[in-house]
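Asks: Here's the letter readout for the chains.
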Amino acid sequence: MLSMLMRRSALGLITVWLVSIIIFIGVEILPGDACTAFLEREAQGLLLENCRRDLGLDRPAWMRYGEWAANALSGNLGVSPDGQRQISELVGYRLRNTLLLASGAILCGIPLALFLGIVAALWRDRPFDIIVSTTAIAAMTIPEFVSATLLILIFSVWLGWVPGIVLTSSNAPLAEFFPEVLLPIAVLTLVMTAHILRTVRSSVIETLASDYAQMALLKGVPYWQMVFRHVLPNALLPTINVVALTIAWLLGGVVVIETVFNYPGLGRMMIDSISDRDLPVTQAIALIIASVYVGVNLLADLLTMVANPRLRTAHLRGK
Amino acid sequence: MAVTSTYRRAGPVQRFWGVIKDICSRPSGAIGLALVFAHIALALIGPFIVPYEYTAMNAAQMLSQPSAAHWLGTDHLGRDTLTRTLLGGREAILVTGIATPLAVLWGGLVGVFFGLVGGRVDDVLMRIVDAFLSLPWILKMLVLIVTFGTGIEVLIPTLAFFYGIPVIRIARAATHDVVARDFVQAARARGHGRFTIIWQELLPNVRDALLVEGAMRWSWMLLAFSSLSFLGFGVSPPTPDWGLMIADARGFMSFSPWGVIAPMIGLSSLIIGINLSADALAKALGIDRAQKAPV
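First to last, the protein sequences are chains U and V.
First residue of the first sequence: 1, per our numbering; consecutive thereafter.
First residue of the second sequence: 1001, per our numbering; consecutive thereafter.
Derived from the structure by calculation, the hints contain no laboratory data.
All values derive from a computational prediction rather than experimental measurement.
Pairwise CB distance ranges (calculated):
no., chain 1, residue 1, chain 2, residue 2, range
1, U, 73, V, 1182, 46 to 56 Å
2, V, 1187, U, 6, 37 to 47 Å
3, U, 130, V, 1021, 17 to 27 Å
4, V, 1041, U, 8, 45 to 55 Å
Partial list, derived from the structure: chain V residues whose beta carbon lies under 10 Å from chain U:
no., residue
5, 1128
6, 1130
7, 1131
8, 1132
9, 1133
10, 1138
11, 1227
12, 1242
13, 1243
14, 1246
15, 1260
16, 1275
17, 1279
Don't be surprised by glycine CBs; every beta carbon is placed ideally from N, CA and C.
Pulled out of the complex, with its shape left as it was, chain V reads as follows (with noise of 0.2 Å):
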């Protein structure tokens, strides 16, 4: 907790860098936050340094072993590994690097709201958080991929709001250890609003929690759209994706086992990275993530 006060005094591009070089001093920290920014270049550059087109498919070389021309062999297509691997999370990093902020910022803002307001309709609308919350995650973005198609134009709105719901229990338990302290108080005796209390007083104190779920939200999200696309219902062929590439490479993989193995290093190496950081992010902010819901 000192480590955070001595933040909160200094000024946001301060403390800012304070919390990177927090994180950066633990090794795990480091570790995650080099993963992380390694794997967002590689989703910038990946198309100018890829040995070959991600679709160029070469009909002498399916399945082929690695080899000099294909450091990782080809798939079944004839298609190079190497290079579908190296563009495999360009697609998973646009859709949940839009979807995560969007579902912090909904939920986060109705659990505040609710958190404030309380009484009759929270608990309310606390019972339809666990309502959702009770359904398996597949299920609810399954229904809605079904009804609307499987482009990211759907795929981000989905992401974005199912995984906004246990942002809004966070943000609102959050908001409940600060609407009953002083500056709430005194901020009501002097008459403010509802929406000046939540911005000034509540949002800069529940900041911290809503950064690290953020970071959290991040990997399982990552989880999710893979395992979507695992299953058929995300990203679509050809386009070069980790779970897609798992799933069609399965059938191959007594011969040519290379072409599970590197999407899945990619795909873990990135989830691992946001999680290693996740966690380091939370100590740097003092934030206390002993129980976590596996949900």
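If we strip away everything but chain U, and leave its shape as in the complex, we get (with noise of 0.2 Å):
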């Protein structure tokens, strides 16, 4: 149990150091750096050469990898060259937003995808089901600025509920956010909940035809305690990976859908980052999204064996 628990986070480790070295390949083959993004059109000759100078840029590429990730690992993800202010002060904000974003879809959409999910099997083919399927289907195969652009069409163009467009600073209070930050959480909730309920509802489907389940039904064990005792337990062990996958999805399709809200979260803040070339925010950025991405998963599959006894003896059985 304990060397399978060191192994999945070493092999986490190991992933989000082979991201770091993508991230810095990648923003170094991007045209341009730091100095002509900051220095535009005077960039050239010796105030060009100084910049660099100032900034570390005329050092080999290992050399600022190293500095760069020995900085990043004890928090100091560097300096913005524009504002000369700490890229850990101006990211800090905007990660705040997107938890507070990505927090309002976890806790609605979890609780309300398991109910879903299970009613819709427990009902197979059913009207209920049917709808909820349909609609599952609907909203994770439709583009998310394709239904978030729909719900802000109804409820914000046609019905006037609530405001289409995110219009606080990135630094305001969270309390602030309400209740402009409601519709995106709810087109985030939307995709959420219709990935995680296709996975519970035939994982339920498939427990439910099982040889114990239905030994239990036959031996006189009434529905509901079936339904409880044995079968959610078993259905639901499989959803912890696909909830971790679709949090993990979360920190990344949040970019698109902040765009459109004009959302001030991290998502925006990339895509603002990369058209400007701002290196060090981008890098920051993609560094935090990784290690989420990377961290979510390992605690999937940390759950999944502490709540799977076949998974945690699995190496005493010699596998």
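Join the two chains into one complex using the hints; note that each chain is given alone, in its own frame.
Replies: Printed below as a string of structure tokens:
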């Protein structure tokens, strides 16, 4: 168990390390650097050379990578070339805003997906199931910016219930984001719920058809007791991984949704920083998102292992 | 599985029609396939049937409501919304239609090769694949697009490259299922080389999995392409494209909702069509794709 845990964590760390290299190489191949972006038209001759020397850009790439990685490990993400401000400070507020969005979607989405998925599975092929499943497929397949625009059109333009665009600045207190944040959360919840509930539904259906569930029913266990004691504990185990994947997707998927709603989060900052060639910020955001992705997946693997005795003792049985 | 094995014994042409028939026998598959073919046909004949030039502007009629002259109204430059919606999928179908086979091809070959070779090299490759998959797609694509520009000569290789990476995983997993079987061992014992084994023994067995994967990749690629257009990193104006049209018309939604609704219907119907077809294809070929990551 412990060795398994160590192995998984080590693999996760290796992945993050590879990601940092990919990010660094990716940003290296972008044309121009922080100095050409900062100096704009005056980026030539002595001015450019001085700027590069000040920021240490004249050193070889592997040295800069080492320095960047060492600083990132200690939480120092560097200084933005334009405002001479700490990137961790700039990114901090954006991260907080994105977390508000994500946690709202997770808190609404997971219970909703579990409930709808289980009910749809128990009432398989009845009208409720058909409606839920069809809506889920539509929500999963339609691009996020389309569903977001549709929700703005319905709830903001036609019904006028909630604002369709976020105007609060990025460092405002969280309370000021209401009610503007409701519609973005709704879009994220919709997509997330659709992904999770599909897995919950098929997993519950599969378990209902299993020998032990049928056996329990045949020996006279009441239906609901069979569902709660025999089916759900087994059926919900595989959904842990899907929840993790969906949360990880959430962090990337917010990019488009934040842009649609003009929401001052990490995703929109990433797009802005790439367009502006603000390389240190791009690197920082990419590293944060990738670490969260790896971390959430690792957590899900561990949770599954803790919850499933067969995986926990796999090494004892010589596998 | 019984269905699959009857196809396997038939010739390639018979098998193809058998699969098509199987897809059409499911209502969702028939609807999906019909939508996909309708969109492809529209992309081919679109320029000949549209009522206006897609660049034709009419300053007197900006953001007009649906009328006899303009069935779906006009956009903020007075261009006919119907014309632009009918043509709006051409670029997307062209780019994703070329990039999807490329992605499946390179990802599939790499995956099968490393699935066969295995060992340390395979472990290292999988770590790199994991690392790539843990970055949000939009970041990876944008770095290349910002570097090399936004033309289709950049978009096609970019999409093909990044969407081939998850295919490596699928192809590798499918190869692992086959590699230990007797006929591969037999081919090894006969002294066949690696590439002969890949070509004659492995590829025919992972082909179905790759086909289904390709169909799914197509819909995700379309999603990525239209999202990029929406964000302003895809098709450049004045080319009509659904993503771009939605982005342009969004600001005028309150007085001319058709400007966003029409391209939304176009894009959604194509993506839903591809998804329904892919699901039906998976069932027809007997591939289990219950566990699918939203990556």
